[in-house]
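Participant: If you want the building blocks of each chain, they are given just below.
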Amino acid sequence: MFRDSGHLIRPALVFLAGLGMFLVIRAAVVPKHFGQYGHYRPGALDLVRQRPIAYAGQDTCVMCHDDVGKTRAAGKHAHVACEGCHGPLAKHADDPAALTPKLPDVATLCVRCHEKDAAKPKNFPQVVSAEHSGGALCNSCHQPHSPQL
Amino acid sequence: MIPGVDGFMYPNEVELQWSLLIVLYPFITGLVAGAFILASLERVFKVEAVRPTYRLALLTALSFLLVAPLPLQLHLGHPERSFEMYLTPHGSSAMAMFGFVYLWYLMVVLLVEVWLEFRPEIVRLSKSTTGLRRLIYRLLTLGSDNVSPAALRIDDKVGYAVTVIGIPSAFLLHGYVGFIFGSVKANPWWSTPLMPIVFLFSAMVSGIAAVLLLYVVSMKVRRAPIDMRCLDTVAKYLFYTFVIDFTLEMLDLIHRTYESDESFRSLDFMVHTRLWGSQVILQIVLGTLAPLVILAANQLWRFTEAARRKMYVAACSLTMIGIFAMRWNVVIGGQLFSKSFLGYTTYKMGFATREGLLPAILLMLLPFAIFFVLSNLLPPWEKTEKA
Amino acid sequence: MDIDRRDLFKIGGKLLVLASIGATLEQLTGSEPPSDAYKMADHWWGMIIDIDKCIGCGNCVRACSNENSVPDGYFRTWVERYQIEESGQPHVDSPDGAMHGFPLPTRADLKSFFVPKLCNHCADSPCVQVCPVGATFVSPDGVVLVDETYCLGCRYCVQACPYGCRYLHPEKNTVDKCTLCYHRITKGLTTACCENCPTQARQLVDFKNPKDPVHAFLRENKVEVLKPYMATRAKVYYKDLDGAVR
Chain U
1 MFRDSGHLIR PALVFLAGLG MFLVIRAAVV PKHFGQYGHY RPGALDLVRQ RPIAYAGQDT
61 CVMCHDDVGK TRAAGKHAHV ACEGCHGPLA KHADDPAALT PKLPDVATLC VRCHEKDAAK
121 PKNFPQVVSA EHSGGALCNS CHQPHSPQL
Chain S
1 MIPGVDGFMY PNEVELQWSL LIVLYPFITG LVAGAFILAS LERVFKVEAV RPTYRLALLT
61 ALSFLLVAPL PLQLHLGHPE RSFEMYLTPH GSSAMAMFGF VYLWYLMVVL LVEVWLEFRP
121 EIVRLSKSTT GLRRLIYRLL TLGSDNVSPA ALRIDDKVGY AVTVIGIPSA FLLHGYVGFI
181 FGSVKANPWW STPLMPIVFL FSAMVSGIAA VLLLYVVSMK VRRAPIDMRC LDTVAKYLFY
241 TFVIDFTLEM LDLIHRTYES DESFRSLDFM VHTRLWGSQV ILQIVLGTLA PLVILAANQL
301 WRFTEAARRK MYVAACSLTM IGIFAMRWNV VIGGQLFSKS FLGYTTYKMG FATREGLLPA
361 ILLMLLPFAI FFVLSNLLPP WEKTEKA
Chain D
1 MDIDRRDLFK IGGKLLVLAS IGATLEQLTG SEPPSDAYKM ADHWWGMIID IDKCIGCGNC
61 VRACSNENSV PDGYFRTWVE RYQIEESGQP HVDSPDGAMH GFPLPTRADL KSFFVPKLCN
121 HCADSPCVQV CPVGATFVSP DGVVLVDETY CLGCRYCVQA CPYGCRYLHP EKNTVDKCTL
181 CYHRITKGLT TACCENCPTQ ARQLVDFKNP KDPVHAFLRE NKVEVLKPYM ATRAKVYYKD
241 LDGAVR
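Residue numbers (this note's numbering), protein chains in the order written: chain U, 1 to 149; chain S, 1 to 387; chain D, 1 to 246.
One or more of the hints may lead you astray.
[To be verified] Pulled from the structure, derived: some chain U residues nowhere near chain D, Cβ distances all over 12 Å: (1) V48; (2) Y55; (3) G57; (4) V111; (5) E115; (6) A118; (7) P121; (8) C141.
[What the hints assert, rightly or not] Below are the DSS-like pairs computed for lysine-lysine, each with C-alpha atoms no more than 27 Å apart in a straight line: (9) U:K32 <-> D:K222; (10) D:K111 <-> U:K122; (11) S:K348 <-> S:K236; (12) D:K239 <-> U:K76; (13) D:K222 <-> D:K208; (14) D:K53 <-> S:K185; (15) U:K122 <-> D:K187; (16) U:K76 <-> U:K32; (17) U:K70 <-> U:K91; (18) D:K227 <-> D:K239; (19) U:K91 <-> D:K172; (20) S:K46 <-> S:K236; (21) D:K222 <-> U:K122; (22) D:K172 <-> D:K187; (23) U:K70 <-> D:K111; (24) D:K222 <-> D:K239; (25) D:K208 <-> U:K122; (26) D:K187 <-> D:K39; (27) D:K187 <-> U:K32; (28) D:K227 <-> D:K53; (29) U:K70 <-> D:K187; (30) D:K222 <-> S:K348; (31) U:K32 <-> D:K39; (32) U:K91 <-> D:K111; (33) D:K239 <-> U:K116; (34) U:K116 <-> D:K227; (35) D:K227 <-> S:K185; (36) D:K53 <-> U:K76; (37) D:K53 <-> U:K116; (38) D:K39 <-> D:K53.
In case anyone wonders, no lab produced these hints; they're calculated from the structure. The beta carbon of each residue, even a glycine, is placed where N, CA and C say it ideally should be.
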């Protein structure tokens with residue numbers, strides 16, 4: 001019965017074989033649990049969570065440096081994070097001897113926030129540094145952890 | 001000040017993400033769709049006059065389709081992971097459908113149709129050649145040497161059915177590329193429901209023009225006579241398709257200008273400055289209006305054969321440039337302006353880099369090399385010349 | 001040589017068996033991921049930003065860059081400065097994303113302010129919608145993340161994001177973006193940017209926490225998300241956002 005159309009079965013078989021191979025490969029290669037929470041590999045959540053932490057967070061800093069913490073809490077910089085000025089120090093928090101933090105450069109640090117600028121909120125403390133201190137470093141008058149005079 | 005940036009761009013927008021290779025990809029799939037539609041003109045719509053280009057169009061479509069995924073692979077950050085689109089396709093992503101549409105079109109439409117069309121030659125050559133060629137032909141027969149009149153009649157019926165399925169498949173193959181752009185609400189240059197249709201008709205225009213050019217060149221190379229009735233008919237269908245394409249693009253332009261929404265001023269400025277050369281000069285004037293005038297002239301007046309041949313070749317060459325420019329303007333143009341509508345950037349094209357000009361040129365030459373091999377294996381002319 | 005129906009069924013049957021074995025294998029292998037103290041279902045993360053508190057110091061940009069090893073020239077977060085003419089025409093700049101603040105002074109005669117920007121972790125995210133393979137996704141606790149072992153680097157998501165918050169990592173060749181410091185917030189810390197903001201202009205919020213300040217914030221203030229007409233259900237809410245902000 002298939003004498004004159006029998007040849008058509010052949011490409012069909014080639015396709016079926018291809019489909020079969022594809023399904024086997026797919027079963028072997030698709031990541032485990034793919035689709036568990038949505039159309040993605042749930043292992044990705046763990047991958048992102050495993051990234052190293054660079055900033056310890058102020059709550060961690062005051063655990064050891066509670067004296068500075070108290071000074072800061074009583075002043076205008078109460079809500080300025082330690083690492084906002086001192087840089088990322090999770091490594092130091094993990095092992096204080098392994099990383100000794102360098103003191104920030106006062107000449108460039110303070111003006112980044114406090115240089116007067118029209119776009120800053122009016123009630124934010126800001127000065128024209130050239131007129132304000134006549135070239136003297138900010139910490140020659142202001143104590144950084146409790147800066148109000 | 002960032003070099004190449006005027007005004008303000010979001011910091012991550014300065015660098016273009018989709019490069020020359022992404023311009024190339026819709027151009028290539030467009031040629032595939034267009035060539036196939038031309039082939040279907042004869043097979044399904046019984047336009048006898050274009051019969052001489054039937055097999056040529058099939059092989060053209062196949063040559064370009066085989067190259068189509070390559071610019072995408074070169075563009076991917078991780079081409080080795082591209083198989084993931086088959087393993088875990090994301091149902092909401094138009095791009096995920098690419099793998100399956102491509103595979104469907106390649107396997108079921110193009111390969112089956114080419115096989116059915118060339119079976120008599122394949123079987124004959126599997127018996128008459130020797131050595132490596134014989135092995136290739138024997139593999140291509142898939143083990144069957146039944147070319148009796150009854151079998152060939154069945155082939156013809158099945159081929160007809162495949163072509164009928166193939167027409168919407170060709171539309172899908174290229175239409176979804178337009179949808180990939182047209183459905184991005186974040187980009188006002190791309191986001192329009194007209195995009196798939198504009199892409200499709202410009203694809204048909206470029207495909208028909210490509211087949212016409214290839215036909216003329218092939219006949220010249222083989223020193224064989226050009227069937228003018230065929231050429232005139234192809235040019236006529238090119239003209240009709242081009243009119244529709246032009247209308248659609250003008251509709252998009254007029255609509256945008258009239259509605260004049262938030263994005264309009266920024267886009268308008270971009271067209272008048274950074275896209276002036278590629279959009280107004282290359283795409284519209286040289287690539288659309290000039291060929292339309294040439295083709296229209298041939299519908300109104302009768303020129304000599306030699307003049308008509310020259311005009312068709314000129315019109316088709318300009319068309320190919322124009323359609324390429326259109327892809328460029330869509331892809332590159334869509335990334336030259338900021339989504340804040342406050343600035344513009346510049347496209348820095350490399351030369352011998354992964355996504356540079358050199359690989360693009362090589363990728364455009366590759367289909368012709370493949371076509372040369374295919375037409376050597378599966379001669380597109382014997383059938384018509386015997387008749 | 002023709003194949004008859006019996007052969008066809010034999011071959012087809014073998015292929016079907018192969019396929020079913022494959023599918024079953026996939027279901028059987030592997031075990032459940034281990035549970036820990038952080039339950040994703042208890043959280044729905046977002047951020048609130050108070051424009052009137054931002055001083056454009058760029059601490060957040062530097063902190064994010066340090067915390068997440070953000071490559072030079074690319075930004076997971078950045079601050080824009082707006083200087084607005086009376087006509088409403090804005091002049092916007094963001095020098096190196098405000099990594100070093102804003103060195104050039106602002107014009108005193110124009111309305112001006114700073115706008116910190118980051119990924120909005122949209123609940124109806126267009127970037128997630130277009131990813132062809134499932135490499136980017138909204139986590140069960142509302143954070144839009146990228147699976148860098150799965151991303152192809154096709155950059156469709158970069159095109160689809162209306163806010164310009166994604167980029168291709170130049171070394172990894174995968175797409176990268178703000179993760180809302182997922183590695184920190186799942187351990188009870190706040191994001192690097194919020195931690196280091198000296199004026200608390202930026203604050204991490206958890207909509208599922210009944211004691212979170214976000215509830216009072218949304219109730220008592222005029223708030224807006226960026227590009228609300230994009231309908232992305234963005235979860236970064238701005239207080240006192242000017243209409244000129246793009």
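Participant: The structure should be examined with respect to each hint, and the outcome stated for every one.
Facilitator: Hint by hint, here is what the structure shows:
no.: 1; hint: V48; in the structure: violated (5 Å)
no.: 2; hint: Y55; in the structure: violated (5 Å)
no.: 3; hint: G57; in the structure: violated (5 Å)
no.: 4; hint: V111; in the structure: violated (9 Å)
no.: 5; hint: E115; in the structure: violated (8 Å)
no.: 6; hint: A118; in the structure: violated (4 Å)
no.: 7; hint: P121; in the structure: violated (5 Å)
no.: 8; hint: C141; in the structure: holds (20 Å)
no.: 9; hint: U:K32 <-> D:K222; in the structure: violated (45 Å)
no.: 10; hint: D:K111 <-> U:K122; in the structure: holds (12 Å)
no.: 11; hint: S:K348 <-> S:K236; in the structure: violated (40 Å)
no.: 12; hint: D:K239 <-> U:K76; in the structure: holds (24 Å)
no.: 13; hint: D:K222 <-> D:K208; in the structure: holds (21 Å)
no.: 14; hint: D:K53 <-> S:K185; in the structure: violated (32 Å)
no.: 15; hint: U:K122 <-> D:K187; in the structure: violated (37 Å)
no.: 16; hint: U:K76 <-> U:K32; in the structure: violated (52 Å)
no.: 17; hint: U:K70 <-> U:K91; in the structure: holds (23 Å)
no.: 18; hint: D:K227 <-> D:K239; in the structure: holds (14 Å)
no.: 19; hint: U:K91 <-> D:K172; in the structure: holds (25 Å)
no.: 20; hint: S:K46 <-> S:K236; in the structure: holds (15 Å)
no.: 21; hint: D:K222 <-> U:K122; in the structure: holds (20 Å)
no.: 22; hint: D:K172 <-> D:K187; in the structure: holds (26 Å)
no.: 23; hint: U:K70 <-> D:K111; in the structure: violated (38 Å)
no.: 24; hint: D:K222 <-> D:K239; in the structure: holds (6 Å)
no.: 25; hint: D:K208 <-> U:K122; in the structure: violated (35 Å)
no.: 26; hint: D:K187 <-> D:K39; in the structure: holds (11 Å)
no.: 27; hint: D:K187 <-> U:K32; in the structure: holds (25 Å)
no.: 28; hint: D:K227 <-> D:K53; in the structure: holds (21 Å)
no.: 29; hint: U:K70 <-> D:K187; in the structure: holds (25 Å)
no.: 30; hint: D:K222 <-> S:K348; in the structure: violated (43 Å)
no.: 31; hint: U:K32 <-> D:K39; in the structure: holds (21 Å)
no.: 32; hint: U:K91 <-> D:K111; in the structure: violated (42 Å)
no.: 33; hint: D:K239 <-> U:K116; in the structure: holds (23 Å)
no.: 34; hint: U:K116 <-> D:K227; in the structure: violated (31 Å)
no.: 35; hint: D:K227 <-> S:K185; in the structure: holds (11 Å)
no.: 36; hint: D:K53 <-> U:K76; in the structure: holds (15 Å)
no.: 37; hint: D:K53 <-> U:K116; in the structure: holds (15 Å)
no.: 38; hint: D:K39 <-> D:K53; in the structure: violated (33 Å)
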